[in-house]
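Chemist: Chain by chain, the residues:
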Amino acid sequence: MALRESSLNGKSMITTQELSRDEIMEIIELAEDMQENRFADKYSKVLDQRSFLMFFYNPSVRTRQSFEIAATELGGHGLYIEPGSMRLQQLDKPPEEQGGETIEDVAGVMNRYGAGVGIRMLEDKIDRYGRGDEVLREYDKYLDKPLVSFAHDRFHPCQGLADVMGYRKHVGKDLEDVTIAHVWGHGALARSHCSVQESMLISSRLGMNVRVAHPEGYDLDEEVVEWTKENCKENGGSFDIDHDPVDVYEDADIVYSRNWMSRDAYQDGEFKKEEEIEKALKYTDWICDEEKMKLTDDGLFSHPMPVDRRHEATDEVASGPRSIILDIAENRLHVQKAYMALSMG
Amino acid sequence: MALRESSLNGKSMITTQELSRDEIMEIIELAEDMQENRFADKYSKVLDQRSFLMFFYNPSVRTRQSFEIAATELGGHGLYIEPGSMRLQQLDKPPEEQGGETIEDVAGVMNRYGAGVGIRMLEDKIDRYGRGDEVLREYDKYLDKPLVSFAHDRFHPCQGLADVMGYRKHVGKDLEDVTIAHVWGHGALARSHCSVQESMLISSRLGMNVRVAHPEGYDLDEEVVEWTKENCKENGGSFDIDHDPVDVYEDADIVYSRNWMSRDAYQDGEFKKEEEIEKALKYTDWICDEEKMKLTDDGLFSHPMPVDRRHEATDEVASGPRSIILDIAENRLHVQKAYMALSMG
Amino acid sequence: MALRESSLNGKSMITTQELSRDEIMEIIELAEDMQENRFADKYSKVLDQRSFLMFFYNPSVRTRQSFEIAATELGGHGLYIEPGSMRLQQLDKPPEEQGGETIEDVAGVMNRYGAGVGIRMLEDKIDRYGRGDEVLREYDKYLDKPLVSFAHDRFHPCQGLADVMGYRKHVGKDLEDVTIAHVWGHGALARSHCSVQESMLISSRLGMNVRVAHPEGYDLDEEVVEWTKENCKENGGSFDIDHDPVDVYEDADIVYSRNWMSRDAYQDGEFKKEEEIEKALKYTDWICDEEKMKLTDDGLFSHPMPVDRRHEATDEVASGPRSIILDIAENRLHVQKAYMALSMG
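Protein chains in written order, with our numbering: chain A, 1 to 345; chain B, 346 to 690; chain C, 691 to 1035.
With the rest of the complex left out, here is chain A:
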């Protein structure tokens, strides 16, 4: 293991789209070795005495546990911070009307203290789609240390890496020509686009055929759709997008059923959560169930969790024999350890 020689050394990760294909494979292959040798001595001192700063504007089960444990297993320390306990500048007020701290200053201090920084920012913590991505890039501008997205409005790179690591285990190391169907799910949560968008991007980088289906009004980020098309073209996969809740399952190898909010979720700088949920709950056809799964080619069920059971997918599917959601959740730990080792080790 020659971590220091990686091109990832010192590199931030806001989306896998900004990594080279080699860098993506380097992380995944190291993660696979880390899974096999989870507590081996060779990885237990990579972040010795080092502190990783974990900044959660939004709470999270998996992300918090998996990053804090990743730091621990590399011999370091993950420091959990909820900005509610900080006197940061508020995003929704002009700087001259408040005394909170600027991102320049917060990041400037983090540079001195930490080995790297992670940030989660989405849903109600932003005032319009795209704002979280801007804030992360603002932090990154002032940070000398690697910044990694813990999920934000646009992207979720660690989830994407965990997803494909799971597909490599269950489908095979070569994912070319494997078909993944992303299908919108109705639901009692109004979720960000980051997981599904990251999945489209990384799947298409690895030569997979990428399908997307969602009701009208639930369009995804145009730029992400465009990048996915280009990725498919470059790497030999096909790309399809439509509005039918059933056709998308036909002969798919993997089904990725997930709720996401509509284009109207932010209005006048506010996240209209209740309206979004009310609207989404009406699309009762949009659920991944056994009947639809029979149309697939003995397809796997993939989901970034938490699953909104009975909305995004039935219990039968989510807890069924073709569900690989727990394996993928576990992969979060391994890919994050690998990224941290390569970028901060």
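Keep in mind the hints are simulated off the structure, nothing from the lab.
Below, simulated DSBU-like cross-link-like pairs (lysine-lysine); rule was C-alpha separation at most 30 angstroms, straight line: (1) Lys859(C) <-> Lys923(C); (2) Lys390(B) <-> Lys45(A); (3) Lys963(C) <-> Lys125(A); (4) Lys145(A) <-> Lys45(A); (5) Lys125(A) <-> Lys272(A); (6) Lys141(A) <-> Lys859(C).
We have chain A already, so just place chains B and C on it with the hints.
Modeler: Just chains B and C now, with coordinates in the frame of chain A:
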């Protein structure tokens, strides 16, 4: 030390009543050695690189500090989680009306990440007596790793172990025929039954004579009372319960004065804290003071802390020479280290 | 390194005024070595297996990160506690009307668990100036282990140490005859006096010339002013205090611009934050800008952060070439590691 050969390896602990007498003694004797050799090398790597997931539905001073430090002193990491920062299913809403995560899914992920799990759930976080115990057992069903109660409505196994470790130090290793008087205290808090119930159970397992006194309407869990009686019968101790605030002290070796809520504390799914406090504060006779302590056989004062001074006990008693409350609080650390080493090491 | 022989072993630090000059220098010189050898083996086991209890009544960016990382880099563990998650006695209610835990009991348990304790308490967490200092001293009375202030209403010893460590780097090891100008800044926050008061005390201990300027009504603690005068007399520095926002800059070597609340900030046991801010914002002349900095002797800009930019100082000054605020923020880590190693190692 052959931790791996213990029958406790991989075993959950929801109450000491579900451990064998040998397992109880194994924990206590290891804890006594860990106290004597607190930072010895032999214990400093038992949980090396491992993470222990600490789930606090309710806050706590001692439990949080003692478990997080226990993990640290065993070379591991205690990960503090307040479910307020998680999108869990809410207990008081039917699953089909919400999108939060199920216990099956949360536990399924914890299995992949952690070496063990602890949960605290009582008072206002449940909607009726017994509910916390059900939730813990629901988690345990889906967990492959040991689950330990951090105190819940019915039981508090670590407190019980710490209590008897304290009695062994101050009374002698053999607790047979030692008399412990549990006496209800009035107070400005409405407390759960877990500590006193666990004390009754573990004291009676070790052959102690168990007394209980409380005002009418403050009955304890019938099943726990029944188990305690049976334990006494099996192990040679006597069992007495009545409603007199003074008689219970007569010739006792240990007095355990503690407030607990009445049987009416939960009504229509709500914890009626204010009503409980108002009612409890009227029983001003129910306080452990110097005068009553004179009736004992130079009795020790025991309490799981925090003490509601001037209600449960006077300052004179709580800070007096026969108070062993700080020793018992310290024991929490040692018994928890011992349990974690035996079950997760 | 013979940490155990230091007179600081076991010693609390509520203000540097209560340390000897030798002790102050011992901390700073060790901190300078720790900065040069940040991850060296010689310091990596000083707090091995030990836990440091960090008690934040008020939130903080720098203090939390720098102490938790300090503990980590010394091989120990910093345990972050917000008393909101504890059932402590409330300061604003008489003890007989509540059931929360007393400081005697909380500190008694901390003695058993931790290697040391830090406490932060200021602004809205107290009901009058001086109250935070009393609470810290009450904890200290019951603690056998070292107590360190994480900033409270009167003092901020770690900030003072970090400040002078920064001056030694940028001005030279000998600070005698160096002139520091403390100047009040207007602002959208109503800040405690602790940083500026600690700076006055420690600067005057090291023989610096100390100046202070603030609008009328913004007087500092009389006792601190008196001690500063005496320190100056003993150590050969001069002391000046007046109400002019410009004169104070004349030929200064270091400018320390900082907002602090007025003498009327607490009324009827309440912190009148909004009134304070409204009042302070009117003093628009009181800002550290390039024009005033030109009056200095190529002066350095010092500030304990977070900077209230556009109020306390302009962006030009705060981010300018003579600003040493990030170096000073970094020093927090090093002086805290040094103090912890000497007092708890």
